[in-house]
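Residue numbers (this note's numbering), protein chains in the order written: chain A, 1 to 362; chain B, 363 to 724; chain C, 725 to 1086; chain D, 1087 to 1448.
No lab work stands behind these hints, which were simulated from the structure alone. Idealized CB from N, CA, C, for every residue including glycine. There could be a bad hint or two in this list.
For each label pair, taking beta carbons as the anchor points, the in silico distance ranges come out as [what the hints assert, rightly or not]:
{"no.": "1", "chain 1": "D", "residue 1": "Ala1286", "chain 2": "C", "residue 2": "Asp993", "range": "47 to 55 Å"}
{"no.": "2", "chain 1": "B", "residue 1": "Arg508", "chain 2": "D", "residue 2": "Thr1123", "range": "41 to 49 Å"}
{"no.": "3", "chain 1": "C", "residue 1": "Asn795", "chain 2": "B", "residue 2": "Asp631", "range": "52 to 60 Å"}
{"no.": "4", "chain 1": "C", "residue 1": "Gly872", "chain 2": "D", "residue 2": "Met1252", "range": "21 to 29 Å"}
Cross-link-like lysine-lysine pairs, in silico, DSBU-like; alpha carbons within 35 Å at most [as the list claims (entries may be wrong)]:
{"no.": "5", "chain 1": "B", "residue 1": "Lys504", "chain 2": "D", "residue 2": "Lys1228"}
{"no.": "6", "chain 1": "A", "residue 1": "Lys142", "chain 2": "C", "residue 2": "Lys896"}
{"no.": "7", "chain 1": "C", "residue 1": "Lys1039", "chain 2": "A", "residue 2": "Lys315"}
{"no.": "8", "chain 1": "A", "residue 1": "Lys172", "chain 2": "A", "residue 2": "Lys142"}
{"no.": "9", "chain 1": "C", "residue 1": "Lys866", "chain 2": "C", "residue 2": "Lys896"}
{"no.": "10", "chain 1": "D", "residue 1": "Lys1228", "chain 2": "B", "residue 2": "Lys677"}
{"no.": "11", "chain 1": "B", "residue 1": "Lys534", "chain 2": "B", "residue 2": "Lys504"}
{"no.": "12", "chain 1": "D", "residue 1": "Lys1258", "chain 2": "D", "residue 2": "Lys1228"}
Partner residues are not named here, just some residues of chain B that face chain D (Cβ under 8 Å, in silico) [unchecked claim]:
{"no.": "13", "residue": "Val386"}
{"no.": "14", "residue": "Asp388"}
{"no.": "15", "residue": "Gly389"}
{"no.": "16", "residue": "Ser429"}
{"no.": "17", "residue": "Gly430"}
{"no.": "18", "residue": "Phe460"}
{"no.": "19", "residue": "Ala614"}
{"no.": "20", "residue": "Ser638"}
{"no.": "21", "residue": "Asn639"}
{"no.": "22", "residue": "Val722"}
Given next are the chains, with one letter for each unit.
4 protein chains.
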Amino acid sequence: MNSLGRLFKITTFGESHGRCVGVVIDGCPAGLPLAETDIQEEVDRRRPGTGVASTRRSEPDRVEVLSGVFNGVTTGAPVCLLIWNQDVDSSDYQRIRFLPRPGHADYTAFAKYGGFNDFRGGGRFSGRITASFVMAGAIAKKLLVRCGIEVAAHALEIGGIRARPMEFDQIKASAVNDPLKCADAEASRAMTALIEEARAERDSIGGIVEGLARGLPVGLGEPVFDTLEGDLAKALLAIPAIKGVEFGSGFAAAIIRGSENNDPFALEDGRVVTVSNNAGGALGGISSGMPLVVRAAIKPTASIARPQQTVDLEKLEIASLTVGGRHDVCIVPRAVPVVEAMMALTLCDFALMAGLVPRVIR
Amino acid sequence: MNSLGRLFKITTFGESHGRCVGVVIDGCPAGLPLAETDIQEEVDRRRPGTGVASTRRSEPDRVEVLSGVFNGVTTGAPVCLLIWNQDVDSSDYQRIRFLPRPGHADYTAFAKYGGFNDFRGGGRFSGRITASFVMAGAIAKKLLVRCGIEVAAHALEIGGIRARPMEFDQIKASAVNDPLKCADAEASRAMTALIEEARAERDSIGGIVEGLARGLPVGLGEPVFDTLEGDLAKALLAIPAIKGVEFGSGFAAAIIRGSENNDPFALEDGRVVTVSNNAGGALGGISSGMPLVVRAAIKPTASIARPQQTVDLEKLEIASLTVGGRHDVCIVPRAVPVVEAMMALTLCDFALMAGLVPRVIR
Amino acid sequence: MNSLGRLFKITTFGESHGRCVGVVIDGCPAGLPLAETDIQEEVDRRRPGTGVASTRRSEPDRVEVLSGVFNGVTTGAPVCLLIWNQDVDSSDYQRIRFLPRPGHADYTAFAKYGGFNDFRGGGRFSGRITASFVMAGAIAKKLLVRCGIEVAAHALEIGGIRARPMEFDQIKASAVNDPLKCADAEASRAMTALIEEARAERDSIGGIVEGLARGLPVGLGEPVFDTLEGDLAKALLAIPAIKGVEFGSGFAAAIIRGSENNDPFALEDGRVVTVSNNAGGALGGISSGMPLVVRAAIKPTASIARPQQTVDLEKLEIASLTVGGRHDVCIVPRAVPVVEAMMALTLCDFALMAGLVPRVIR
Amino acid sequence: MNSLGRLFKITTFGESHGRCVGVVIDGCPAGLPLAETDIQEEVDRRRPGTGVASTRRSEPDRVEVLSGVFNGVTTGAPVCLLIWNQDVDSSDYQRIRFLPRPGHADYTAFAKYGGFNDFRGGGRFSGRITASFVMAGAIAKKLLVRCGIEVAAHALEIGGIRARPMEFDQIKASAVNDPLKCADAEASRAMTALIEEARAERDSIGGIVEGLARGLPVGLGEPVFDTLEGDLAKALLAIPAIKGVEFGSGFAAAIIRGSENNDPFALEDGRVVTVSNNAGGALGGISSGMPLVVRAAIKPTASIARPQQTVDLEKLEIASLTVGGRHDVCIVPRAVPVVEAMMALTLCDFALMAGLVPRVIR
């Protein structure tokens, strides 16, 4: 349902064109200094940029703390964070209420909720609800940093163009300022051209976001079902548009030999490490101490400005639909901070379960 | 931890070289006819075959029902299913207690459980524990069939060789009798050759298992976090050796355009369908009524009969290790029924949540 | 933590003197007509009356619906309900920050949250947070009524004075308008005198709230742990000041014989009933179809206007404390709608699990 | 359903006259020395004694460890404990299949599970399943002792005769050897006479079990819903025959004044304590550091050897029933170790959540 996590647990609410989007964070330790600006910063990263990829919907998206913080510090009580929706134009959606957009949840939401779903802008199924994930993720990241865990995501691939391999620090430093959140400036330029091309063709384009975490201790993850990979995959697949998740060598592991894929153990400063990291930082569902590497496949934005075939759900007849409104040609850059948030939330929950994060921060 | 599901909930226990592997199924409706042979059949499919891919460990693996069944019918009480371990040879493992096998959970389990983990045969992290999944999955499949839902998995790809596209019925009929669980006989032969080659080189090989479900109604899945895809991915990633999961067009969606990837809606016998099925049967985390398509990347078996570099965890020094014992060159065929089981378990839970499966079967 | 329920799940947030108190209801079926006034009505019942028992804090407590309702009907998305705090006077609390009030959670909250808890007015531990329970309960009651289940609570006993036994309908009709929510007008007058007496003595007084539910089908409750009684008791014990819960004959069952306590089965209009109802509507943790009867012991209000001994937590020395502020002499009447809410929430969750409440209301 | 707990989580299975009763303990830390005899000892305490109160069913009830223990130490994997049923005589039950025993779950189980429930000896609803609770509780107690927490229960009252007040140590020392588990020898003799009397009258008798815990730190309990009292009450109400639960002054608090019921704070060796303990060790759902005091009302055994009125569920007509078989006249003494077990399980879960119990015991 709308909650995620065990000891660090979030519950989200709100719709694209309703009054607000919000989240309640339960299990946040007491004693964490927390200002609205801390969260605002993360939320701003999710906003449509001035870049080529984005919609022109431009809300200020001002974060408000409704509970759980007293004198600038968390109290141990649930933290409720909220953004009021402001720049909402629902006029276009009323027209297409019974015309589900291909690739969207319009039809399945209509069927599941008997037509009572808020269809405006995708309602509860809009990408906008990921603002809740990012707000909660901002707190998770602050907690993780305190135990030496850093999370970073970047646009690894857009439309088939892939960034060259880089180190964690370089990615972290470069991706944040790139309009496409790609750490490789050259690839970013090529991606930009491709996005422009797709826009001109009234089409859209997808890609791959890679998430990295370092500083993880050995031992996070609760086999056999609440594995590090399983929980991460589940969390990531809550992001609309993600259709696949892989860890380490991932799908490539299906092709290579065991002798290539196995990561030999070695010693580094008396610490057990692996020479390679095809496992992507997890063995048996448990973190190995090596960097966590996860990749998520983002499908091309479903909303495209071309006529598409659909079905009129009222009249039950074939219809043609051209989606209006403001849409991203490529959602990948905006998905980057959301992937980071989902990783942070998942890791923070595991860190609490492992006793790594104290219940009171002093 | 070791439980999965909400209303149809399994709890697994047991180790590779302990006394048994078992599972408790909670939430199984009353009134389901259930014989040990029903479950035995599914478990037998997971056993190493006589084929090229498999280990020579050959236990009878006889399923016993310990509770929850009375007069051949489920009672509504928890069903406990058990297999006693018999053909256990732990001699080899004692020798390598402090020598973690590359690609295995030996090291992470050692670290997480302070060396108290049962290391024999991988203990709790052995593929053998998936027998528990298969036992529980057998019940889930029986319940699903009653609401018209069929699940099938097959070896889609081994070592890069991919079976040609086929229809659900054909896959279901052909894969089950193929030694590699591949529905395409020609591809199966090529895969066999590759496996022989890998065996000769004392190496191993991976592949891709594809899972399919048809007969799903529209509406299974509980957004935003308990999505159909998210829960399936989490369940599948509990299978040792799975390193990636994708739905429908999956990672390929990252390359194609929105106009290609979107599935246009159409009508078929008055029912809303999609012309293509790039979504893989789910939109917005909710089943669309189209066949569910999921693919899982299986890494090459970590146990290979070659010397590999590891670290002696006692002496903290580099060591060389040659894994003895009996191991599958390619785990893909044996993973097929396990993928089916995890799909069945996940779908059954959603079916119960949707009220599709009654609490009492009359 | 701050969530309750499985399929009908609430998550609460907010503090006594913070910005608001609120609740997110997850799992509410789509299609339920819902107006702010529906919820307002229930919340108003919890407000301090003009009667003898109550505090003089008097906020309008206006309920706002933040999400999950569209065109006056629930959408199936989480419903967030909020009350902004207005009439807040925190001046008195600052003074007693380190002086925990006897009988309150001040000390345990201080210790558990390292002194970071919002101590103003009891913060998260104030009775005010039960406004969240009542808001959510209002929705649960609307759902229950649709399956013929009615819930009613009343002040059965105050300060040892007990109302005479009455029928469900009479209780429901009479209690609601009585200033003390006692269905027996004569007892109510005696209770009033007792409360006046306690007030004059700067003391406080407790009592017993009885909760009743009728129209329950046979079969609600999920043994062995999620029993009807167990879940109700847990929910009720979340109400501050409740120190005991009993069902049917309850503690009196400890004294009488089996032959007296057993309820003989009988037939009524072809339906199985029991002649007496010492079981209180549940056998083996499952509803029997007879009226549910639960009683909750409410301790006397901890805040009294007399000097009491406490410990200065800063200086670690004995101190004297006279609690100022506005407090109820007897919390029992205000607890009545809260008990009703907790019963409704628990029963609604079971009703959803039993498939009694549909996922879409048409 | 059949699981309880969050981080220390048990899942029970088995029936009175099925093959076995068992339990899976998930979340048990690695490194705990554990022998079957440790658990056997606790289970033996639940067995019918030679005393006046008990049934003559006398199984050896030998505990077997099926998983999770290796070389005499827990591994961190789920621990499955099992007792095979042996001395089972089901002949009597077949005869009364459609004749629900008053005061038993026969009727509600029949209705909930559509008549598919295992009715022999009450099946899943028999007191016998509490052997599972006791097995799991034995582990919980071992873990609690390591953090200085001791749990003790005793028969406080039988048939209205109450033991005189005593100190924790005295209760712990005396109750264990008393045939009725009553710490007051004189009261025990009077209770015995009463039980003999009830037996002679072919009747049964109930009582009150009191549970105590000392050594609790301040801070256990997770408000607002997962309170110490709420979780304890829920766990205790899973014990068949318990109809009420109270903490500290409990129902008596409903009668006395706030000035009497409030526990003044004081200092003892620099530690904050309360002068009295009417709160029963918890304030605001959080342990206060004072001894935990809980009392559970046990109804008189429902099975009595007198003719009682019931309904024939097949013919739907009034019938008379005389329950045969072997039954306890008074279940109170046998409930004592079960209350202890449920307290230990609940406290152990909270202790894990509070980080008090390490994940690996070294």
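Hint check:
Hint check: D/Ala1286 to C/Asp993, Cβ distance near 40 Å, so the stated range 47 to 55 Å is violated. A C-beta distance of roughly 46 Å is found between B/Arg508 and D/Thr1123, which places it inside the suggested range of 41 to 49 Å. Take C/Asn795 and B/Asp631: their Cβ atoms lie about 32 Å apart, and the range 52 to 60 Å is violated. Checked against the hint of 21 to 29 Å, the C-beta distance between C/Gly872 and D/Met1252 comes to roughly 50 Å, which is inconsistent with it.
At most 35 Å may separate the alpha-carbon atoms for a hinted pair to count; B/Lys504 and D/Lys1228 exceed this at roughly 41 Å. A hinted pair counts as satisfied when its Cα atoms are at most 35 Å apart, and A/Lys142 with C/Lys896 does not qualify at roughly 51 Å. Between C/Lys1039 and A/Lys315, the direct Cα distance comes to roughly 75 Å. Violation of the 35 Å bound is thereby established for this hinted pair. Of the pairs offered as hints, the one joining A/Lys172 and A/Lys142 holds, with about 16 Å between alpha carbons and a cut-off of 35 Å not exceeded.
Note on C/Lys866 and C/Lys896: the hinted pairing holds, with a Cα-Cα distance of about 16 Å set against a maximum of 35 Å. At roughly 33 Å between alpha-carbon atoms, D/Lys1228 and B/Lys677 fall within 35 Å of each other, so this suggested pair holds. A distance of roughly 16 Å separates the Cα atoms of B/Lys534 and B/Lys504; the hinted pair therefore holds under the 35 Å criterion. Between D/Lys1258 and D/Lys1228 the alpha-carbon distance is near 16 Å, which keeps this suggested pair within the 35 Å criterion.
Contact between B/Val386 and chain D, as hinted, is supported at the beta carbon level, the nearest pair being about 5 Å apart and thus within 8 Å. At a threshold of 8 Å, the smallest CB-CB gap from B/Asp388 to chain D is about 5 Å, leaving the interface hint in force. Annotation: B/Gly389 was flagged as interfacial toward chain D, and the flag holds, the nearest CB pair being 6 Å apart, inside 8 Å. For B/Ser429, the suggested interface contact is upheld, since its CB lies about 5 Å from the closest CB of chain D, less than 8 Å.
This hint holds: B/Gly430 has a C-beta 7 Å from the nearest C-beta of chain D, less than the 8 Å allowed. For B/Phe460, the interface hint is violated, since its Cβ never comes within 8 Å of a Cβ in chain D; the closest pair sits about 15 Å apart. For B/Ala614, the shortest C-beta to C-beta distance to chain D is roughly 39 Å, which exceeds 8 Å, and the interface hint is violated. Using the Cβ-Cβ criterion of 8 Å, the hint placing B/Ser638 at the interface with chain D is not satisfied: the shortest such distance is roughly 40 Å.
Interface hint status for B/Asn639: violated, as the beta-carbon distance to the closest one in chain D is roughly 35 Å, over 8 Å. Interface hint at B/Val722: satisfied, since its Cβ lies 4 Å from the closest Cβ of chain D, which is below the 8 Å cut-off.
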